[in-house]
Amino acid sequence: MTVLLAIGTQKGLFLATGDDDRRAWQVGPALFPGTAVYTIGVDLRGPRPRLLAAVDNSHFGPSVAVSDDLGATWHEPESAPIAFPEDAGAAVERVWQIVPGSAAEPGVVYAGTQPSALFRSADGGRSFELVRALWEHPHRPQWGAGFGGQAIHTILPHPGDPSRLLVAMSTGGVYRSGDGGESWSPANQGIKAYFFPDPWPEFGQCVHRVARDAGDPEQLYAQNHHGVYRSTDGGDSWQSIAGTLPSDFGFPIVAHPHRPGTLWNFPLIADSERHPTGLRCRVYRSTDAGEKWEPQHEGLPDGPYYPVVLRDAMCADSLDPAGVYFGTRAGEVFATNDEGETWSTVVTHLPDVLSVRAVAV
Amino acid sequence: MPVLLVPGVLRAEAGGASRLEVAAAGTLSAVLAEVGERWPLLSRRIRDERGALRRYVNIFVDGEQAALETPVAPGSEIQVLPSVAGGSR
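Note that the protein sequences, when read in sequence, are chains A and B. Quick note on numbering: the first sequence equals residues 1 to 361 in this note's numbering. Quick note on numbering: the second sequence equals residues 362 to 450 in this note's numbering.
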């Protein structure tokens with residue numbers, strides 16, 4: 001078994017196929033050339049993997065293209081798959097996240113957009129409807145915009161309960177629903193928002209990414225705009241796990257696909273200095289739910305290193321041992337087939353990498 | 362009938378056509394409404410779901426830059442052109 005690695009960049013989608021060892025890669029030509037691919041959804045619940053690429057053309061707007069043959073052919077619907085209803089008075093600027101619902105809801109797919117909104121599909125991602133309760137939330141006028149725009153970038157359906165859903169937005173923070181999206185509440189207790197006069201608000205945090213633990217669905221990890229946190233109660237409260245990291249700033253955080261307590265991130269120096277800590281290309285891994293972190297860099301570039309890893313540009317595959325992948329804004333993609341002990345280069349000289357997804361095939 | 366000239370980059374969205382004859386006239390808005398009915402994929406490349414022209418798409422009616430309320434005569438030529446201000450970073 002090997003991996004199909006989908007690499008979304010500022011100027012197209014690239015598909016890389018690994019050998020059985022996930023060390024050597026064949027990288028195909030740009031699909032959707034000139035089009036930014038901010039995220040790629042992968043739905044493994046049907047008879048064949050479905051890829052859903054969020055394609056964003058700077059002239060002609062956003063859309064979603066679907067492939068049921070691992071990227072050989074793509075289909076895009078005539079009508080906009082993700083669009084606000086007329087009475088919302090808004091237009092989708094960008095799709096930041098596409099995530100299949102739980103196994104109990106075949107056909108359900110969620111999408112997070114800029115401006116911050118959640119959309120739900122019941123037909124596998126071909127058409128979506130606005131989740132109105134979140135769009136009409138009384139907090140929405142106070143949600144802000146980070147440097148990348150105001151967006152819902154994280155969607156975590158609960159694996160055991162389709163009525164439970166968590167989203168995160170920049171800025172605004174974490175929100176949860178326990179009734180299938182009919183109502184929403186903020187869940188940011190313990191996450192600091194240092195950029196407000198009151199640094200501990202109910203909402204307004206700039207959460208960059210949330211990941212769910214492989215073993216305990218109530219255990220969550222959040223990479224914040226300064227701050228790395230863990231929740232052991234499904235988001236009721238958050239505690240810092242940044243203690244042994246070289247910095248608490250960064251964008252991605254990725255949980256191991258099947259080993260509880262193991263996660264990776266890519267620390268940057270600071271908000272005001274967005275380079276890897278120590279100017280070294282180093283991934284950090286924790287195997288005890290964030291209590292201790294260790295750098296992993298064997299096989300990664302040596303010497304001064306400046307590129308950034310964006311929030312959707314790090315992922316894991318489902319194999320054992322797990323593979324981890326990340327892409328940089330310098331157009332490089334790196335992979336490990338041994339959970340970060342050693343790394344190899346998948347490809348260099350691509351456009352800025354915005355997103356990566358690994359599909360075992 | 363007004364004729365919509367489709368740029369090469371959008372012809373796949375118009376079934377390969379470079380010229381589309383439309384029945385509607387009056388204003389550019391009416392023409393684009395008909396485009397939305399008959400060629401929805403082309404339409405959403407030009408306008409967002411609110412009906413607003415996309416920021417980096419320009420439309421010219423008989424050679425003059427147009428807005429939604431620009432008059433369109435039965436013999437008008439409507440040209441859709443991507444702006445030079447766009448493009449990926």
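Please note that the accuracy of each hint is not assured.
In silico negatives: residues of chain A with every beta carbon more than 10 Å from chain B [as the list claims (entries may be wrong)]:
1. LEU4
2. ASP19
3. PHE84
4. ALA91
5. ALA122
6. ALA145
7. GLN150
8. ILE269
9. SER272
10. HIS297
11. GLU298
Derived CB-CB ranges, DEER-like [claimed, not checked]:
12. SER444(B) to VAL27(A): 47 to 57 Å
13. LEU279(A) to GLU438(B): 16 to 26 Å
14. ARG411(B) to ALA122(A): 22 to 32 Å
15. PRO401(B) to ALA104(A): 25 to 35 Å
16. GLN26(A) to SER444(B): 31 to 41 Å
17. GLU438(B) to ALA24(A): 52 to 62 Å
18. GLY376(B) to GLY149(A): 41 to 51 Å
19. GLU382(B) to SER272(A): 28 to 38 Å
If you're looking for bench data, these hints aren't it; they were derived computationally from the structure. Even glycine gets a Cβ: it sits at the ideal position worked out from N, Cα and C.
Status of each hint after checking the structure:
no., hint, in the structure
1, LEU4, "holds (24 Å)"
2, ASP19, "holds (31 Å)"
3, PHE84, "violated (6 Å)"
4, ALA91, "violated (4 Å)"
5, ALA122, "holds (19 Å)"
6, ALA145, "holds (17 Å)"
7, GLN150, "holds (16 Å)"
8, ILE269, "holds (23 Å)"
9, SER272, "holds (22 Å)"
10, HIS297, "holds (29 Å)"
11, GLU298, "holds (33 Å)"
12, SER444(B) to VAL27(A): 47 to 57 Å, "violated (32 Å)"
13, LEU279(A) to GLU438(B): 16 to 26 Å, "violated (57 Å)"
14, ARG411(B) to ALA122(A): 22 to 32 Å, "holds (24 Å)"
15, PRO401(B) to ALA104(A): 25 to 35 Å, "holds (33 Å)"
16, GLN26(A) to SER444(B): 31 to 41 Å, "holds (37 Å)"
17, GLU438(B) to ALA24(A): 52 to 62 Å, "holds (54 Å)"
18, GLY376(B) to GLY149(A): 41 to 51 Å, "violated (34 Å)"
19, GLU382(B) to SER272(A): 28 to 38 Å, "violated (57 Å)"
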